[in-house]
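Participant: Each chain, letter by letter, is given below.
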Amino acid sequence: MSWLVFFATNVIILVVSAYVIVFYSKLYQEFRVIGVYVLLALAIQIPSYLMGVNQMNNMFFLHIYVPSSFVILTEFYKKSLKGFINSRWLDLISIVFVLFSILNSIFIQSIDTFNSYALTLECLLIVIYSLSLFILLLNSTAKDEKRSILGSLLWVNSGLFIYHTINLFLSYFGDLLTTFSSVNFRLSWIMHSFIYIAQFSCILIGLWKLPKKLIS
Amino acid sequence: METAQEVDFLTILVPLAGIILIITVGVILMYLQFQRSIFRQELANEELKSLHQKQLLQRTIEVQEQERKRIAMDLHDELGAILSISRMQLLQLESQDEISKEDIGPVRDLIENTLASTRRISHELMPLQLEKLGLENALLSLLTKAKESGEIESNIAISESCDELPWMVELGLYRIFSELINNTIKHADATTIEISILLEDGQLFCRYSDNGKGINLDTSVTGLGMQSVENRIDALQGSWEYGDRSSGGFFARIRIPLNK
Numbered sequence: 001m002s003w004l005v006f007f008a009t010n011v012i013i014l015v016v017s018a019y020v021i022v023f024y025s026k027l028y029q030e031f032r033v034i035g036v037y038v039l040l041a042l043a044i045q046i047p048s049y050l051m052g053v054n055q056m057n058n059m060f061f062l063h064i065y066v067p068s069s070f071v072i073l074t075e076f077y078k079k080s081l082k083g084f085i086n087s088r089w090l091d092l093i094s095i096v097f098v099l100f101s102i103l104n105s106i107f108i109q110s111i112d113t114f115n116s117y118a119l120t121l122e123c124l125l126i127v128i129y130s131l132s133l134f135i136l137l138l139n140s141t142a143k144d145e146k147r148s149i150l151g152s153l154l155w156v157n158s159g160l161f162i163y164h165t166i167n168l169f170l171s172y173f174g175d176l177l178t179t180f181s182s183v184n185f186r187l188s189w190i191m192h193s194f195i196y197i198a199q200f201s202c203i204l205i206g207l208w209k210l211p212k213k214l215i216s
Numbered sequence: 217m218e219t220a221q222e223v224d225f226l227t228i229l230v231p232l233a234g235i236i237l238i239i240t241v242g243v244i245l246m247y248l249q250f251q252r253s254i255f256r257q258e259l260a261n262e263e264l265k266s267l268h269q270k271q272l273l274q275r276t277i278e279v280q281e282q283e284r285k286r287i288a289m290d291l292h293d294e295l296g297a298i299l300s301i302s303r304m305q306l307l308q309l310e311s312q313d314e315i316s317k318e319d320i321g322p323v324r325d326l327i328e329n330t331l332a333s334t335r336r337i338s339h340e341l342m343p344l345q346l347e348k349l350g351l352e353n354a355l356l357s358l359l360t361k362a363k364e365s366g367e368i369e370s371n372i373a374i375s376e377s378c379d380e381l382p383w384m385v386e387l388g389l390y391r392i393f394s395e396l397i398n399n400t401i402k403h404a405d406a407t408t409i410e411i412s413i414l415l416e417d418g419q420l421f422c423r424y425s426d427n428g429k430g431i432n433l434d435t436s437v438t439g440l441g442m443q444s445v446e447n448r449i450d451a452l453q454g455s456w457e458y459g460d461r462s463s464g465g466f467f468a469r470i471r472i473p474l475n476k
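Read top to bottom, the protein sequences are chains A and B. For the first sequence, the positions run 1 to 216 when my numbering is used. For the second sequence, the positions run 217 to 476 when my numbering is used.
Just chain A, with the same shape it has in the complex:
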């Protein structure tokens, strides 16, 4: 069962990446950033999967993935919330997070261990961003401004929200779960794969639903 889930994870990331590569130049600014996020996930997923299959420690990739994905997603929210928030705050949060992540990898959770602190913080901040975007899109002024890409924005934001909310609790309870048994650890990774698939499915739908005028 678990191999099927991991296989599906690779398939979805490959499909979304293929879509991004084909349509990248025609994507709207916000969604180009998401395209980069997808390609980063692919670049991390392939070697870490291969190392995992060969029973090698692949935690190193997570230490790269967490700060990089956070910077990219912050850029996505910066573009999506443009005009409604001072982007310098988001830049500052991004810089502080990267510094924290590096320091965490050097001094607290070494690169061959699970960087749960950085991951938890990343998820926490992305959940705040995504909830904020949902709230912003309830306002008619903001909705009117984003009308042409509203559907896509909601799908992508939903994907990010679902993934990071559940991942927040998975990474938060991760240490606790693994203290009980290794089965829980494996189950938490299967759960993670499910939400990973959900996230990239939402992103794919979001990109797919982009108005044809913008992809022309």
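Hints were generated in silico from the structure; no laboratory data involved. Note that beta-carbon positions come from the ideal geometry of N, C-alpha and C, so glycine has one too. Careful: at least some of the hints might be erroneous.
To be verified - A few chain A residues that face chain B, going by a derived Cβ cut-off under 8 Å, partial list only: (1) L92; (2) S110; (3) I111; (4) L131; (5) A142; (6) Y172.
Stated by the list, open to error - Partial selection, computed: residues in chain B whose CB lies under 7 Å from chain A: (7) L237; (8) Q249; (9) F250; (10) I254; (11) Q257; (12) L259; (13) A260; (14) L264.
Fit chain B to the known structure of chain A by using the hints.
Facilitator: Below, chain B alone, put in the same frame as chain A:
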């Protein structure tokens, strides 16, 4: 290995509550920032709207003044001049002892010219054909004049349901199309004009197009003719868009709601 009993319930719940609190505070802070930005944007929009209304009012006054000036010039140059000559000729006739038919002829010609000018000016002020024959015939008359002046072929299609439009709408449309046709004759160097008017679901959908040089959007924004068209559409609570056709030439699409 640590057992379930050894896990302190509070050590799980307190940080979890902390996480939820951080999320809540973060979202509230973002929300407050949004509120300020949205308020600023709405304020800016209102100012822009107000400025636009002021400009529209100013343009309306300018168009009115221009129209008054034109009528005044027509009255002065045509009627005034002809009537002055007529008066002079009548004074001459008065001084004569005998008046023959040949003497009256030129005066009669001048009066007929005056009548023709009066008819033309009044026709421009309020198109009689529109009142008597309806919108379609009035537009056909305009297009016939366009053909006479510039050899412009035309196509007009008006749906039957447009037979009984409110007078103000008919007059507004007549003025709008008159201005657009005038623009085509003056600036477009076109050979065909197409007009269509369709009434559907309580809304009038009008389309005007020619095959001329198209429009320079930078200069047309400030052109009084286009502003006059915009003012008339605004007065009918309608909306419009215009620009260059992909195949060349100018197009305008006008939507006017009738049930307001």
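Participant: Determine which of the earlier numbered hints do not hold for this structure and return their numbers in increasing order.
Facilitator: Violated hints (numbers, rising): 1, 2, 3, 7, 12, 13 and 14; every other hint is consistent with the structure.
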